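Novice: In the order they appear, the protein sequences are chains F and G. Using my numbering, the first residue of the first sequence is number 1078, and each one after it goes up by one. Using my numbering, the first residue of the second sequence is number 29, and each one after it goes up by one.
Since the hints were derived computationally from the structure, they do not count as laboratory data. Worth double-checking, as some hints may not be accurate.
[What the hints assert, rightly or not] Listed next, with one range per pair, are the computed distances between beta-carbon atoms: (1) G:Q157 with F:K1327: 14 to 24 Å; (2) F:N1085 with G:D40: 50 to 60 Å; (3) G:M122 with F:G1285: 32 to 42 Å; (4) G:L145 with F:G1095: 56 to 66 Å; (5) F:R1389 with G:P77: 48 to 58 Å; (6) F:V1481 with G:I83: 52 to 62 Å.
Owing to the predicted nature of the structure, the values given are computational and were not obtained by experimental measurement. Cβ atoms here follow ideal geometry from the backbone N, Cα and C, with glycine treated the same way.
Here is how the chains run, residue by residue.
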Amino acid sequence: MNYTLTKNTRNILFGMMGLGVVGLIYAFVAGIEGQRIWSNLLVNGLFFTFIALAGTLFVAIQYAAEAGWSAGFKRVPEAMGQYLPIGGLVILIVLAGSAFHVNHIYHWMDDYLTTEKTTVQDLRTYEEGLQHHATHAEHHDAAAPVAEGHGHDAHAAEATPAADKYESKAKFPQGPEHDLYAANYEKAAPTDSIANPHFDEILDGKSGYLNKPFFFARALIYLLGWIFFTWFFRKRSLAEDLAGDEVKHKKNMNASGWFLVFFAVTSSTMAWDWVMSVDPHWFSTLFGWYVFAGMFVTGLTTITLISIHLKRNGYFQHINENHFHDLGKFMFGISVFWTYLWTSQFLLIWYANIPEEVTYFQDRWENYKVLWVTNLVINFIFPFLVLMSRDAKRNLTFLAVAGVAIICGHWLDVYLMIMPGTVKANYGIGLLEIGMFVGFAGLFGYVTLNALTKASLVAKNHPFVDESAHHHI
Amino acid sequence: MSKKVIYGLFDDEEILLKSAKDLVSKGVRIKDVFSPFPIHGIDPVIGVPRTRLSIGAFVYGATGLSLAWLMMGYMLIMDWPMDIGGKPSQFFYMNLPAFVPVSFEMTVFCAAHGMALTYLIVNRLYPGQQPHNPDNRTTDDKFMVQINTGDNKKTAEEIKSILSSTGAIEITEKEA
Chain F
1078 MNYTLTKNTR
1088 NILFGMMGLG
1098 VVGLIYAFVA
1108 GIEGQRIWSN
1118 LLVNGLFFTF
1128 IALAGTLFVA
1138 IQYAAEAGWS
1148 AGFKRVPEAM
1158 GQYLPIGGLV
1168 ILIVLAGSAF
1178 HVNHIYHWMD
1188 DYLTTEKTTV
1198 QDLRTYEEGL
1208 QHHATHAEHH
1218 DAAAPVAEGH
1228 GHDAHAAEAT
1238 PAADKYESKA
1248 KFPQGPEHDL
1258 YAANYEKAAP
1268 TDSIANPHFD
1278 EILDGKSGYL
1288 NKPFFFARAL
1298 IYLLGWIFFT
1308 WFFRKRSLAE
1318 DLAGDEVKHK
1328 KNMNASGWFL
1338 VFFAVTSSTM
1348 AWDWVMSVDP
1358 HWFSTLFGWY
1368 VFAGMFVTGL
1378 TTITLISIHL
1388 KRNGYFQHIN
1398 ENHFHDLGKF
1408 MFGISVFWTY
1418 LWTSQFLLIW
1428 YANIPEEVTY
1438 FQDRWENYKV
1448 LWVTNLVINF
1458 IFPFLVLMSR
1468 DAKRNLTFLA
1478 VAGVAIICGH
1488 WLDVYLMIMP
1498 GTVKANYGIG
1508 LLEIGMFVGF
1518 AGLFGYVTLN
1528 ALTKASLVAK
1538 NHPFVDESAH
1548 HHI
Chain G
29 MSKKVIYGLF
39 DDEEILLKSA
49 KDLVSKGVRI
59 KDVFSPFPIH
69 GIDPVIGVPR
79 TRLSIGAFVY
89 GATGLSLAWL
99 MMGYMLIMDW
109 PMDIGGKPSQ
119 FFYMNLPAFV
129 PVSFEMTVFC
139 AAHGMALTYL
149 IVNRLYPGQQ
159 PHNPDNRTTD
169 DKFMVQINTG
179 DNKKTAEEIK
189 SILSSTGAIE
199 ITEKEA
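The shape of chain F in the complex, shown without the other chains (with noise of 0.2 Å):
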């Protein structure tokens, strides 16, 4: 049985999308600054882009660990990582933007940053040009350490307000290196070298990861491989429904090892490119694995509520609680996982308070406050209550409840991960924010229940698909 998009949920998910159109246009109106909207655009252009990602992974595990409870609805991840391209479009529009000066989210992107001498007539015209980019001024002030030693002092920062506190950085540095250039720049010749004072040393240090060829190589590597893996698994998996042979399915077996090898990898190194490096100053060794643990319980908790909407809508009779008992304790585990790898990476930068390492989060403290403690309390707190009981995680009332807040609790982990790294202070949650979530939601839940439509919602050749129905717990 094939499923069947009707009219009432397509006029529904373009709805979705008409509000992040409205968003849009509504930005624009209102003059909201482009780096808030390229945020915006790069925050779910991820958070999408993962929930894709983790679609496929589920449907990698599964093969890899030969797990029958799950055939029964595997056609639902598979549908989830058909959104990859799309994603993927969106975070390459914006990481091009960054190469290319449109927006500023990537300001390592600069190589004027990384320019160790420089002239005075290009100092110049740099420093005018950063004038004319007044967000891109502040952010690459207030990540230029040389200014006074450490750019990010925490006592520092604490004394000035946030609004002047990266304006009122000394564009004549002190230390010896740098007396040529404040002794003479008024007097010095247009073609005078000089030792640049925008000269970053972290990013320079960091260049031979953080280029952009390698970052564009990179980027490239990675969505190509994960669609690359998406295509392989679900054309084997559509061909096994016409013969059913287990020969599709082995080979799927076996590709699954090579894509979880890809993915424990490219999971890691995604996140420190498209997510770290937003703030390209500041480190975290677990950085990777909290994205990845974000990512797959939103996955998980995106499968549950499709399952639900197909259950709810009469499809997946072979699909009862015992397999969305499964699912709520995927939903509850992960969910406490990404709190783990959450704690773990907070309480040793605070407890060591290292002004390098602290900065990360003396700027969501700072601006962010009641967001950064909502997303714990919506990605922990909540979920941990909701979904503790056996009756609860086989309600699926409560199943959709706490999948929705999951959902918009991990959105805004990823919106805490980005805009304090791009917009400071200069944030907010308006008509932009929520449309361009809705909007995005909409694509996606086409885009994904277009993909159901294409095949049997049951693979009904798995080897497993018998299992699955018989799965009591």
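Could you slot chain G onto chain F? The hints should help.
Specialist: Then chain G, alone, in the frame of chain F:
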């Protein structure tokens, strides 16, 4: 009529499960089933209610969390304010992140030990306890149904005939 205990021995848990379903559908109340491993799906058939151990786990866990916070709050905030990374320590919440690992460990410790002890006590598995198993073969490769005639309207003969017709390899009977 004297009360009797009837034991039906099976060599396959699937046959036992079918037999138990048959017995129950005919109104026979099964006292217990002995098996070397858990038989999937036997609980609802013989009327064993769902375990309440998970409620116990929550209560023990909450107790552990409260104990941990009480302990740390008293030791590190009230009695001897501890300098944790140079951070203010007037109030409990100020050092809360540092208390997370201990809170977690105490919650798990109390929940795990509470559950294990509850399980052992409820199942009467403590030192000096006499074994209740009627037949040692059920600890190896045989499965046994126990039926008390005192619980049932059917006579011992009727029950025995159902047992033998549903695949019991050995039926024994003794005075209760």
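Novice: Compare the structure with each hint and give your call.
Specialist: Structure-based check of each hint:
For Q157 of chain G and K1327 of chain F, the hinted distance range of 14 to 24 Å is not satisfied, since their beta carbons lie about 51 Å from each other. Judged by the Cβ atoms, the range 50 to 60 Å given for N1085 of chain F and D40 of chain G holds: they are separated by roughly 52 Å. Between M122 of chain G and G1285 of chain F the Cβ separation comes to about 41 Å, which falls inside the hinted range of 32 to 42 Å. About 59 Å separates the C-beta atoms of L145 of chain G and G1095 of chain F, a value consistent with the hinted range of 56 to 66 Å.
Range check, R1389 of chain F to P77 of chain G: about 30 Å between beta-carbon atoms, so the 48 to 58 Å window is missed. Remark: the range hint 52 to 62 Å for V1481 of chain F to I83 of chain G is contradicted by a beta-carbon distance near 27 Å.
Of the numbered hints stated above, those contradicted by the structure are hints 1, 5 and 6, listed in ascending order.
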